[in-house]
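Please dock the two separately framed chains into a single complex, following the hints provided.
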Amino acid sequence: MAEHARDDADLVTRAAAGDMGAFEALVRAHADAVHAHAYRFFGDAQAAQDATQEVWVKVYRSLEGFGSRAAFSTWLFRVTRNVCLDMLRSGRRAATPIDPVQLHGIANDDTASEAVGAVDLETAMRALSPEDREAFNAVALFGLPYAEAGTVLGVPAGTVKSRVFRARRALTTLLSLDAKGGA
Amino acid sequence: MEMDCIRTQATISALHDKEHVTDENAEAARAHCDECERCRAFEADLGALSGLPMPKAPPELIGRIMVAVAAIASERAQEAEEIVPPASEAAASDLESTAPRFEWFTGNVRWGTFGALGVAAVALVLFLVVGTGRPVTDKATVATSGGSTSLAAPEAVTGAAPAAPAPTPAPARAPDYLAFEARVYTPGSLLSDAVAATQSVGTLSTAFGGNGAPTQIPAYRSPLTDGSIVVKGPDGTRLYEPVTRMFNSAKYQLVAGNAIERFGVWPELPTRFQAPASPDGFPTFTAAGADALGVRTYAAKGVPQAQGFAVAPGTSATDPAASNPNWTWWEPLLMP
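Taken in sequence, the protein lines are chains A and B.
Residue numbering for the first sequence is 307 to 489, as defined by my numbering.
Residue numbering for the second sequence is 416 to 751, as defined by my numbering.
Bound conformation, chain B alone (with noise of 0.2 Å):
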């Protein structure tokens, strides 16, 4: 079989990308270079042709890429947590023995599983009306919204008001916190070095998981606008995210009033603020009014809410206050 120039260089073509080749037109190919030095020189042009460099792309948009996706999973994390609708603490509470907690939402959340919990809420509240004849509470209402339906009940919110079921026992540990300028920060994303930040906006004090003496570390500018922070640890450069929540439509961020050096630690009220006698927040504060979960919100004395509230101990683990034991306090969220 012979082959003619355009043939030739076609099979030649085709052999450079490894695409198959019968046997016949490999070896026609092959009689026809021997022959050819056309041929022989475009088979050697396709080596050239291969080596010759190709635009790379910049350092620098490996590490804008990167920040963005960051962003969507910041955005992701944050969309999980608002899944769970207002007032869905005193449903939670009552299904809590029975039903999956939160992890449920932040794995493959599925609006039609978190319906099935909103039938669950209605099926009790019609359980307990029908059957018992009267009322859970007297200002007892049920919402449905954006097709969920939760059991809205203002005497449940958590908090520990004086009415309110014993708190969740806490955990013995708290998340694995970090204080900057007093602000609590809980572990978010791992950064590539090409994303790290290199603005640093100060120092904060920790050990991180260990036992040994906390060390003075640098905060970085985080190239988000979430209000987090960068913090180079032991485990690589990582995003630590500020613990909050909502309040009036607005962000407030859990402060301490302790140091808090290690991971594990519980924070405290801020010192100027006396910790409550009683469950109700007396003396130092009052109740006021609840948070986007329903959670109960007490205003101090003089201060404004929207310049800072006190959320009492016995918030469900879910809660951002997870379970802390102590008395919290949270002022709007601040960009670092």
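One chain only, chain A, in its complex shape (with noise of 0.2 Å):
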């Protein structure tokens, strides 16, 4: 983690020297968290990516300013969470939510493994709230620490502790993962 929190900020030194290389290879180690994180809260491919993009454009539009006040990752996901909130609020885009109790009807089959693979861990996700994805991304997506995930979110470190585990949970049961059941 820090190791890469060194990398990013030698890439971000660089790419806000002009260097579109070292810009390039931030994208590249990150893309796939913003991308996740978007199409998690839109459930929608053409939003992710849309989203994706403007993510980046707004990053490197305000990399200048940036600095080093904050690690790359946190920024990352405040820029990108702030992204989605905004093409929801103006209309562009709308959240596409799952009814949670279809998915325990797949996911109590006796088939566990073909459950696994009827109900995804992306369809899983859908059932989650909002404040437990969001705070699960932030962690496990952005590798963000339970801190620094609660000051974006603006909530305490042990509230976004308790949205990981709860979101943890919901996902291990539903996925059937977790075969035996939990406590």
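None of these hints come from the bench; they were simulated from the model.
Every residue, glycine too, gets a C-beta built ideally from N, C-alpha and C.
Be careful, since some hints might not be right.
[What the hints assert, rightly or not] Short, incomplete list of chain A residues facing chain B, as computed with Cβ under 10 Å:
1) 325
2) 330
3) 333
4) 340
5) 341
6) 358
7) 362
8) 363
9) 445
10) 453
11) 475
12) 477
[As the list claims (entries may be wrong)] Listed below are the simulated DSS-like cross-link pairs for lysine-lysine, each with C-alpha atoms no more than 30 Å apart in a straight line:
13) 471(B) / 433(B)
14) 666(B) / 364(A)
15) 647(B) / 666(B)
16) 647(B) / 364(A)
17) 666(B) / 716(B)
18) 364(A) / 471(B)
Set out below in structure tokens:
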């Protein structure tokens, strides 16, 4: 994590100085996380791509002002979250929630391996509450510590811990990873 | 200390994220797992969950992103060029010995510092008017626009007008120009392979910066719509931007009559034009106006300026002609 942060800081410095190769390296290193968050937010591939492009355009425009006041991954998560929320608020895109009850019906099937095939991770993700999902994404996709995720989300680190745990329990259950059930 | 399943799994989840957990809690969770099959399974499931594939950004999306940011970089470079106000050439030439040159604008452009240059220009005018008791020229005006002030002196436009001062000595070597279909381009941003255009628009002949024989290489369609082309050179795939100047709110590109087959070669007039025998363009050209930078333009007989115009030698190094020692010819920008 610390090694990645150092690499990111170096790439950001070079990209801000006009090194397009460094900026591309940043994009390649983090595009999947941005895209995955957006995909989970909108549940739509095209919206995810639009949001991902908009995030990186905003990042590029703001590189000079970024400095090193925060970890790049924290800043990137903040930009990603804001872009998705802005797209939603502006009415350009809509989130597509799925009823978690339907997922339980599949996930509780006797043939757990088939259930995993039928309900993939991304489908299960949509069953999470938006709060739990974005906390999970901040930590699992962007690698943010609870405290930094809490700063971006505007909640205490303990709340992030609870949300991430709740998301994990739901996902392992929905995906039948926890075939023996939880406590 | 004993833990129930919920607290144990919450602790396991935090440990999975490498968050700080007290030794006491970690020990209690470990002890609970030793005796609880469900919590051991949860711990294993976290590993499985982490290993599940997440939606990947499509490779072409990264290319699109890089094209978008390359367009922004290009816009920024263009904006930096356009910050130079019309007719600033005269003031700039007067101030050249004391003021920073164009690098000033292409670096960290700040209107505050640019305003300082304007104030210096005003001060110079006031000094000449008040100090000498006469205007700089009969038609000199002080033009204020967009927070900047500049000296607008029609007689002082660059480009070897008969009464113009001696031309700026030309640099010994031209910029790193390429010529494609007789039009001149200058190096822009490096592009990644993901961005590299694949649609060839023709070939050009160059040895780049080397001394060897020039070779025919393909020029590719640019992902941008600014008239640039993409060329794969020794340092990678690069945008080559058209050398342009603004005239009557339109872009005109430098056209070369000679072969520019390696970096450092100055463009010359198209061969259909006889080299002027006089600094005023006679007998080939006649002074006809000025471009957006206040550089004098010259019309060729029988050719409307909208279709092309000439610029005399002796422009400043920051002019698009870059102190070319030759007359240059400019035609409307075309998209390759």
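Checked hints:
1. 325: Holds - the Cβ of residue 325(A) comes within 10 Å of chain B, reaching about 9 Å at its closest.
2. 330: Interface hint status for residue 330(A): holds (5 Å vs cutoff 10 Å).
3. 333: holds, 6 Å
4. 340: Nearest chain B Cβ about 7 Å off; hint holds.
5. 341: holds, 4 Å
6. 358: Check passed: Cβ of residue 358(A) comes within 6 Å of chain B, closer than 10 Å.
7. 362: holds, 5 Å
8. 363: Since chain B brings a Cβ to about 5 Å from residue 363(A), closer than 10 Å, the hint holds.
9. 445: Holds - the Cβ of residue 445(A) comes within 10 Å of chain B, reaching about 6 Å at its closest.
10. 453: Interface hint status for residue 453(A): holds (9 Å vs cutoff 10 Å).
11. 475: holds, 7 Å
12. 477: Result: holds, 6 Å to nearest chain B Cβ.
13. 471(B) / 433(B): holds, 25 Å
14. 666(B) / 364(A): Answer holds: residue 666(B) to residue 364(A) is near 29 Å, not above 30 Å.
15. 647(B) / 666(B): Status holds; Cα separation ~26 Å.
16. 647(B) / 364(A): It holds: about 29 Å lies between the C-alpha atoms, which stays within 30 Å.
17. 666(B) / 716(B): holds, 21 Å
18. 364(A) / 471(B): holds, 20 Å
The structure meets every hint from the earlier list without exception.
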